[in-house]
Amino acid sequence: MTAELLSGPLAAAPPAARPAFGEPPAVRRLLIGVALAYLGVFLLLPLVAVFTQALAGGVGAYIEALTEPDAAAAMRLTLLTAAVAVPLNVAFGLAASWCIARFEFPGKSLLVTLIDLPFSVSPVISGMVFVLLFGAQGLLGPWLREHDVQIVFALPGILLATIFVTFPFVARELIPLMQEQGAEEEEAAVSLGASGWRTFWHVTLPKVRWGLLYGVLLCNARAMGEFGAVSVVSGHIRGETNTMPLHVEILYNEYNMVAAFAVASLLASLALVTLAAKTVLEWRCAGELAAKAGH
Amino acid sequence: MTARTAHRALLPGFGLTLGITVGYLSLIVLLPLAALTIKVGGVGWTAFWDIAASPRMLSAFRVSLGTAVAAALLNLVFGLAVAWVLVRYEFPGKRFVDALVDLPFALPTAVAGIALTALYAPNGWIGGLLAPLGIKVVFTPLGIAVALAFIGLPFVVRTVQPVLQDLEAEQEEAATVLGAARVQCLARVILPAILPALTTGFALALARGLGEYGSVIFIAGNLPGVSEIVPLLIMIKLEQFDYVGASVIATAMLGVSFLLLLAINLLQRWMRARHDR
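So the protein lines, in turn, are chains A and B. Okay, so the first sequence: first residue is 359 according to the working numbering, each after it adds one. Okay, so the second sequence: first residue is 2 according to the working numbering, each after it adds one.
Please keep in mind that the hints were generated in silico from the structure rather than gathered at the bench.
Simulated coverage check for chain A against chain B, where a stretch passes if three residues somewhere in it have a Cβ under 8 Å from a Cβ of chain B:
id : stretch
1  : 476 to 482
2  : 569 to 583
To give an idea of the chain A side of the interface with chain B (calculated C-beta under 8 Å), a few residues:
id : residue
3  : Leu397
4  : Gln411
5  : Arg460
6  : Val487
7  : Pro603
C-beta atoms are modelled at their ideal positions from N, C-alpha and C, and glycine is treated no differently.
Excised from the complex, chain A in its bound form (with noise of 0.2 Å):
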């Protein structure tokens, strides 16, 4: 059945790698157009059926979906969750870019494989490492329980699981930033006797500042959307343990359609700012990255 559905759309697209110019306006057309029908059935489609479902039963009922305690739980909790999992995964980030990005040392492209690491294992296997770790009969579980410290089940084990599925975004985007902006200015500003520190605030941040928004926007919006993960860790207890991706799956499995794509339309709101403002800073850095090169 997948091959008889391939067929069709595959047999369009030869087209797809002629080289531009003196090529026929009708090749451009169809070529845009087959590029935009797929986005749109792919793409676009989903995200207008997310915001139609939700406002299914009216306005008063997408209201009272988001206002329910349940609810406003899992929101504050998905709110704790990136609040806390963010700040930590900058301080990395701007810990291990400074390491990585200023000085040579045996091992460094190692350590560049092992920090993309948590982005090529599976998030069930990232949530279930902890659990190894932590749950009752984890490595540790034992332990735990006779000091009575809940890790798995509870907040620690989602704040865990956040953390290790966040923790390349801001490393990735600053490491090679820093590594193309070079380190004249900060050797500048230490050689004129500034400490390290200030050096770091009033030298290096300011330089970096858009790269790293851009990395807390990704690591934010994963953090607050991860599902596979926190799924494993959570417990689903309701109103406790819940994020709000977690709330969406429980209501949905409970056939309460218009409640499930009312948190679900809050999360795609979250995903539209964070394009919106991704897309705003493409361009800004581009542009002082052009300022740069001119120089």
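Could you slot chain B onto chain A? The hints should help.
Then chain B, alone, in the frame of chain A:
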């Protein structure tokens, strides 16, 4: 490189930042992953093989791999078309379309999952059109491929786009002036230049597809042997408190993705060597 080495002497904070980096990395990433290794290390080969090669597991692997490859291939074709259109042509709303490509990165997977399920259900906007044709999407591997196609698109577009941008038009023009037909120009000039990027995009989309969970479980319906994916199997084992089983499946899955990426890396190196020659 020599200039870089000099920074060590000039700038302070190396020990502190390296300490924070390695410490935090070990605590958050390496230690938890070590727990997986320890859990699997105590299993033994025969027990490992019994779990990893059980019929349910093998069929989940087939479903995961098959749908991830199908979705990555679909995105290879249409991702290239999208990247091409965005780089070479002007049309109204281009900036909006360019920003939209990143939607799968920004939209929480659970939201994508329920939205796609609503769209492709027999009473949904798209499912309603396909149902009369006898095509069932929801609760079939086809549905999983749809979700993975959604998730994987930006990987292909964003890896191919910069390469197309840097591709110098002069090379193509020269080829055309020298009398090469368009098809020839495409096959000899453009395709070899973008092939490594296309392969990378394919590999990234594939790797992401293999591990994807949130967007898939809603549309898959999770019928054992039909539309059950490997990450879900891990989830099921964990819910049964079968930590050993879950660890074995997770390790097998990491192993398969690692081998795939390794194979694609080698293929890419071979293509680059051929292209440079």
